[in-house]
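Enquirer: Sequence:
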Amino acid sequence: MSSVMKTGKDLEATVPREDAASIRQQCGELKLAWETVITLTEKKATRLESALKEVWQWAMQRGTKLETHMRSLKDLDLVLEELLQWLSGLENTLISLEAEPLPESIELLQGLIEDHNELMEHTQKRQTEVDRVCKAYQVKSQSQARETTPRKVSVKSATKGTTGRVSPGRETPDRTLPLYGPRFLPKGSKGSEPEFRSPRVKTLWDKWRNVWLLAWERQRHLQARLAHLQEIQRVSNFSWDDWRKRFLKFMNHKKSRLTDLFRKMDKDNNGFIQRNEFMDGIINTKFDTSRLEMGAVADLFDRNGSGLIDWEEFIAALRPDWVERRGPPTDADKIHDEVKRLVMLCTCRQKFRVMQVGEGKYRFGDSQKLRLVRILRSTVMVRVGGGWVALDEFLVKNDPCRGH
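Position 231 of the sequence shown, counted from 1, bears residue number 231 in full-length UniProt numbering, the numbering being contiguous throughout.
In silico DSS-like links for lysine-lysine, alpha-carbon gap of 25 Å or less: (1) LYS245 with LYS264; (2) LYS286 with LYS249; (3) LYS135 with LYS125; (4) LYS286 with LYS245; (5) LYS65 with LYS135.
Using C-beta positions, here's what the derived DEER-type ranges look like: (6) GLN61 with SER198: 25 to 33 Å; (7) GLU100 with ASN270: 43 to 51 Å; (8) ALA33 with GLY63: 41 to 49 Å.
Note that these hints are calculated values from the structure, not bench results.
Where is the CB? At the ideal position from N, CA and C, for every residue including glycine.
Turn these sequences into a full structure, and let the hints guide you.
Expert: Here's what the structure looks like:
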């Protein structure tokens with residue numbers, strides 16, 4: 001500044017006096033402009049310094065966030081690897097357990113069910129960890145892409161259960177059993193497969209789903225086995241009197257006629273029903289029974305193993321005054337059962353008629369002749385003339401369809 005002042009005095013000494021005033025004016029203007037420049041420069045410097053501080057603070061914050069995110073990703077990678085290792089072991093355990101035969105003891109089986117429930121409870125607690133890892137690597141769709149391509153499904157929606165009634169399958173747990181784990185959408189359905197940026201995370205997602213499918217499958221097998229053993233125990237203590245009372249009460253509640261039920265099953269109108277049709281017919285009424293229990297019921301009326309049930313006899317047995325037959329069947333019972341069995345083999349449109357008149361006395365076909373029927377040398381025989389003929393040979397000669 002002193003140099004500038006000196007230069008100004010030198011100019012003043014050399015400049016003519018008449019121009020001095022003009023120079024002083026110009027110097028004043030120059031001084032004012034210089035002060036203005038200094039003021040503006042100081043303001044801009046202050047702004048620049050403030051902006052630099054903001055940029056520095058933003059850069060530091062960004063750096064901190066990036067470092068935090070990097071540490072988070074490293075932590076997620078550790079969690080990811082730990083989860084993959086844990087799920088692989090759990091997957092192998094479930095596969096090996098499923099290959100082992102189930103016990104025949106109800107107590108042992110109940111212990112296995114409790115152990116499996118604990119396993120599912122422990123597995124369910126790690127849902128949050130799996131969701132955290134999957135969410136961090138999931139591909140997020142942009143709004144523009146959402147308009148032109150199918151919407152990407154989120155991890156949460158892919159594991160969200162449907163509200164409607166769904167029959168149990170491999171993708172869902174059985175709703176009649178204790179509920180554990182997420183609810184996966186059926187594989188292959190829209191929105192069932194979220195996308196991930198990392199193949200390892202996709203592996204995690206697949207293993208997580210597969211472990212739950214295996215767990216639900218084992219849960220179903222254990223419960224089905226328990227129900228089977230309990231049913232066997234129930235049938236071993238089967239009481240016809242208790243069963244018939246329950247069945248009569250059920251039919252009275254439904255206000256259904258037993259004769260109507262069995263006439264529908266008796267398609268040949270001969271008074272007999274196939275054993276399986278008899279069992280299925282009663283089960284289909286929604287009566288609280290099972291195939292094992294119905295087998296015990298059918299055994300009472302299929303004494304000779306012919307596979308035929310006399311439904312009129314069954315209805316008569318439902319009466320309170322009916323008592324179970326005790327001891328081995330009599331000859332009259334054996335004769336009656338054998339006659340029924342052979343008559344059922346008739347293929348005529350109009351079944352060959354056989355009528356029991358009394359114990360060991362029958363009428364065959366349209367003939368009114370009374371014939372004696374006996375068991376001789378373990379064979380059911382019919383009295384013909386002065387001798388005896390085996391029942392099956394007699395029917396071959398007298399039943400039109402057998403004669404051909």
